[in-house]
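Read the sequence shown against the numbering used here and you will find it ends at 604, with the numbers running on by one and no gaps.
Hints should not be assumed to be uniformly reliable.
[Unchecked claim] Keeping only pairs whose Cα atoms sit at most 20 Å apart, straight-line, the calculated SDA-like set for lysine to any residue is: (1) Lys249 x Ala357; (2) Lys249 x Arg259; (3) Lys521 x Ser409; (4) Lys249 x Glu298; (5) Lys521 x Trp477; (6) Lys249 x Ser409.
Hints in this document: simulated from the structure, not taken from any laboratory.
Predicted model, so just to flag it, every value in this text is computed and none were measured.
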Amino acid sequence: MHGSGIVKLDGPTIPGLRFRQAEPDDWPALAGIRERAHAADGVEEIQSGEALRAEWEPLERFDLGRDVMIAERDGAMVGFVVGTRCERAGVMALETWGAIAPEHRGRGIGTALHRATRRRLAAEAAADPRPGPREFRTYLLDPEVADRALVEAEGYQPIRYGFDMRRSLAGELPDHPLPPGLALRPVRPDQHRAIYEADVEAFRDHWGAPAEPDPGAFLARFASPETDTSLWCVAWDGGEVAGSVMNAIFEDENRALGVRRAWLEHVSVRRPWRGRGLAKALCAASLRHLRERGMHEARLSVDAANPTGALGLYEGLGFEVALRWYAYGRPVDQPATVGWRSAGDTPAASQAPDAGGASDARA
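With the hints as extra help, turn the sequences into a complete structure.
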C-alpha cells in the first residue's frame, strides 16, 4: 500500500483500472454498487450508505481502511470486497462479502479483489494469538449466480443453508396468547441494554453466533437510522426479558421497491422460557402490530438446521419460502474438497441440499 491508498494487485489488464483501500466518504458509493448488483440479480434489498456506515463502523473488529478494498475504473467505483475476522463457535471465520457493478462482471475484477482480501485475512489470522481453526466463509443468496460461481471457482463449498420466508398480512392472522405470567411492554431507552443482552444470550445456541459479542455491536444496533424500537415485541417476566422480536421496517427500501414490507428480525427466546409457545406468541403479536403500521407483507430469515425448530414454527404461522441462502466455506490453505465440513458444524447440520451445484440475510 502506498500513501495514496493505492494497492498493487495481480488483476486483469483493463485501461484505467486501479485498486485502493476505502475512505470514510466511500459509503454512499459502496451502497450504490451493492444496490446495482442486487437489482441485476433480482435481490430485493436496498441499504443506504448511512445505514451501512451505522452497521459497520461501530464494530471494534472492523477497520474501514484495512477491511474494505475498492476497484475503480477512470476514478469511478466499479466494485469492492469487505473482509473481516470473527470468532464463531471456536472457529475464526475469515468472512468476505462485496459486489461488482453488473457491466464490469466477468472480467476478473471480483476474483482479484477476493484473492487479495483472502491473502490479507490469512496473514492476519496467522498472526492472531487466539487458538482454534481458521476458515474462509461467505454468505450468498440463490439469485446471486455470479457471486456463487466466483466462490465455487475459488474452492468454496456450501456448509449451511437457510431460507428467506414471506407471509401476507392480509386476511386472518394467527392469534397465540402469551404464556401465563408474561407481558408485552413498550420499549424504553433504559431497557435497551437488557433487551440486547437477552438477545445475545438466546442466540448463543445458534450456528455462527460470535463467541463474544463485539463491544461496538450494541451501538450499531441502536444507533442505526433504520432501528425503530416502537416496532419491537418484547416479553417480560417481571424484570426479566424472556424473549423478543426486533421488528424492522426499511422505509427507504420499501419506497424504492414499491412495497409495504416488514421484517421479523432477531426472533429469540431465552432458555428458561422455551417450550411454552412464547416464540409463536411473539411472532403472532408482531404480525398484528406490523399490519396496524400499514404493512402488507412480513419477511424473515431462518437457518434450516436451527436447533430450536424455528423453520417449523414459521411454517405453522403461515410463512412460505421465498428464496434460499447459503453459507459457503473453505479451509485457509487449500480449496475445500467435496463433502468438506466446517469445524463449527455437526455432520447433520452441514448437509445442504443441492450441495453439489451450488447468505446473512436480514435476520
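Hints versus structure:
Distance check on the hinted pair: Lys249 and Ala357 sit about 10 Å apart at the alpha-carbon level, within 20 Å; holds. For the given pair, Lys249 sits about 8 Å from Arg259 by alpha-carbon distance, which is consistent with the 20 Å threshold. For the proposed pair Lys521 and Ser409, the alpha carbon gap of about 17 Å is at most 20 Å, so the pair holds. At most 20 Å may separate the alpha-carbon atoms for a hinted pair to count; Lys249 and Glu298 exceed this at roughly 25 Å.
Proposed proximity of Lys521 and Trp477 is supported: the alpha carbons are some 15 Å apart, at most 20 Å. Straight-line distance between C-alpha atoms of Lys249 and Ser409 comes to about 50 Å, which puts the hinted pair past the 20 Å bound.
Hint compliance for this structure: hints 4, 6 are not met, and every other hint is.
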